[in-house]
Amino acid sequence: MKVLIASTFVPFIRGGATKIVEDLHRELLRRGFESDTLLIPFDSHWPNIAEQTAALRLLDVGDRADRLIAIRTPAYALRHPNKVAWFIHHHREAYDLWGTPWSGMPDTEFGRHHRDMMRRSDEIYLRECHRVFANSRIVANRVLEFNGIRPRAILYPPLECDHPFRPGPFGDCILYVSRLNAIKRQGLALEAMRHTEPDVKLIIAGTGDDPGYQSKLEAEAREIGVAERVRFTGWISDAEKAALTAGCCGALYLAFDEDSYGYSTLEAFHARKPVITLTDSGGSLEVIRDGHNGLVCEPEPEALAEAMNRLWRDRVDGARMGENAHATLAEFGIDWDRIIERLTA
Amino acid sequence: MDERWIADRIRRDLVSAPVPDPTPARIVEDIPAQIDDRNAFIFAAYRVLLGRDASPVEILRHARLLRFLPFLYTRCQFLERLRNSWEAIAFQTRTRLRHEAEMQARSDALESKWERDHAQLREQIRALQRSITEVSYEIVEDIVERQKSAGVPL
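From first to last, the protein sequence lines stand for chains D and U. Residue numbers for the first sequence follow the numbering used here, beginning at 35 and rising by one. Residue numbers for the second sequence follow the numbering used here, beginning at 11 and rising by one.
The set of hints was computed from the structure by calculation and includes no laboratory data. Fair warning: there could be bad hints in the mix.
Stated by the list, open to error - Counterexamples of contact, computed for chain D against chain U with all Cβ distances above 12 Å:
#1 G66
#2 R126
#3 E143
#4 G145
#5 R146
#6 G221
#7 R228
#8 I270
#9 C283
#10 G325
#11 H360
#12 G367
Unchecked claim - So the derived label-pair ranges between C-beta atoms look like this:
#13 D:G367 / U:K158: 35 to 45 Å
#14 U:F101 / D:D348: 45 to 55 Å
#15 D:G325 / U:D118: 20 to 30 Å
All figures in this text were calculated on a predicted structure; none of them were measured in a lab. We treat Cβ as the ideally placed atom computed from N, Cα and C, and that holds for glycine.
In isolation and in its complexed conformation, chain D is listed as follows (with noise of 0.2 Å):
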């Protein structure tokens, strides 16, 4: 079977779609079919995103491929005659973020008109899928509430086969792997870290849409007086990110109300650590559960640094967390042999 992947990218930004992609990629090849990647920049500013929309519905991707598998946001514009889409999540802002502060939408009669176009296209294109699928509970039941349309099922991204993340020792820093930005809220970590324990470390890593966003954390950092507890790596590769967290006593994922629970979190579990999250984090929710493979606490400093110590004085309760998590992997079939038996079905 000839298998398109088609997905939509910011270029030099490598987010959690592109990833999907290259993963998927591979794992098609390594079992017998053949693969092939399509990557459309597209600029994510809302009032490009329908002019932009309308091209990529003009591309014409031909018919040699069996079928055609769409990940970002709005890839399933694409015209195909057999295509399934692995919905990972909407342009927020015209959704479920439409009228918070997090849209940078305004809400006047043209950003209305936008956010209305965009809502009638999703719809218009996901209902042209014979099959569509979602990457967690949350983003499945979005696509029901905006759109009226009920996913197949959760496939829930897994990371690749050949992945190195591995069980280590638990040293004292607490992990934060993300993009820097508002929504991750690496700000309320570094509030936390002036209620934990004095050798309690935070080491944040990650990126930013930003690129003086990490400048701001770090003066923020040192204005709050924990500067010398937290470590700032900028972009760091896999085999760094793995090295880190087989020595970390616990990984965060602190985003707000997102749409799956983070590639962070899955590298922790497969690391046999525990992972805190907050009670308003979202697709977190689905996998960490509270004292079981993780912590869930509420988005205060003050909650936030009682669960850091927690995971910093008690290391072997730590370790039965990281056990737990590890079995959450299997609990909720997150590998890649389902998925592509459900894609390529």
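Got chain D sorted already, so can you dock chain U onto it with the hints?
Quick look at chain U alone, frame taken from chain D:
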């Protein structure tokens, strides 16, 4: 108190007793033949049950009774009386208390050793955790250094 235990103690304390009579005394079945010597038997019973040597007067008194009134005063009865005497009870209580005190001292010693070992182990684990953290920091420093040299803006 278990009489068999007494007999065992007596047997142990009398390893240097005279050569036993080939026909053991029938009056006390659990007293072995090597304590056939009446005086030695009384002496040993005092040592075991009262923790002291019997005086010559005491040995003489009990030896006479055992010798001349064996149908009224058997070795068993002698042991029973001696064992239930206030002096024997006081001796047993003292022995028990001393034994308990010894056990407590030994237990305290073990506990403090365990605590020392535990504290030492804790320190070792802590040192290990710190060294893991240092390794993590070194990795971070390497990453930052590499990014600086590659001119990656922060």
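Each hint tested on the structure:
With a least CB separation of 38 Å from chain U, D:G66 remains clear of the 12 Å interface cut-off, as annotated. Interface exclusion of D:R126 from chain U stands, the closest Cβ pair being 27 Å apart, more than 12 Å. The beta carbon of D:E143 is kept farther than 12 Å from every beta carbon of chain U, the shortest such distance being approximately 39 Å. No beta-carbon of chain U comes within 12 Å of the beta-carbon of D:G145; the shortest separation is about 32 Å.
Non-interface status of D:R146 relative to chain U is upheld: no Cβ of that chain comes within 12 Å, the nearest being about 37 Å off. Distance check for D:G221 against chain U: the nearest CB is about 16 Å away, which clears 12 Å, and the non-interface claim stands. Distance to chain U confirms D:R228 as a non-interface residue, since its nearest Cβ pair spans about 19 Å, more than 12 Å. The Cβ of D:I270 sits about 6 Å from the closest Cβ of chain U, inside the 12 Å cut-off, so the non-interface label is violated.
With a cut of 12 Å on Cβ distances, D:C283 falls inside the contact zone with chain U, its closest approach being about 8 Å. D:G325, annotated as away from the interface, keeps every beta carbon of chain U farther than 12 Å; the closest lies near 22 Å. Chain U leaves D:H360 outside its interface by the beta-carbon criterion, the shortest separation being 20 Å against a cut-off of 12 Å. Under the 12 Å C-beta cut-off, the non-interface status given to D:G367 relative to chain U holds; the minimum distance is some 32 Å.
Checked against the hint of 35 to 45 Å, the C-beta distance between D:G367 and U:K158 comes to roughly 43 Å, which is consistent with it. Take U:F101 and D:D348: their Cβ atoms lie about 52 Å apart, and the range 45 to 55 Å holds. Here the CB-CB span from D:G325 to U:D118 is close to 37 Å, at odds with the stated 20 to 30 Å.
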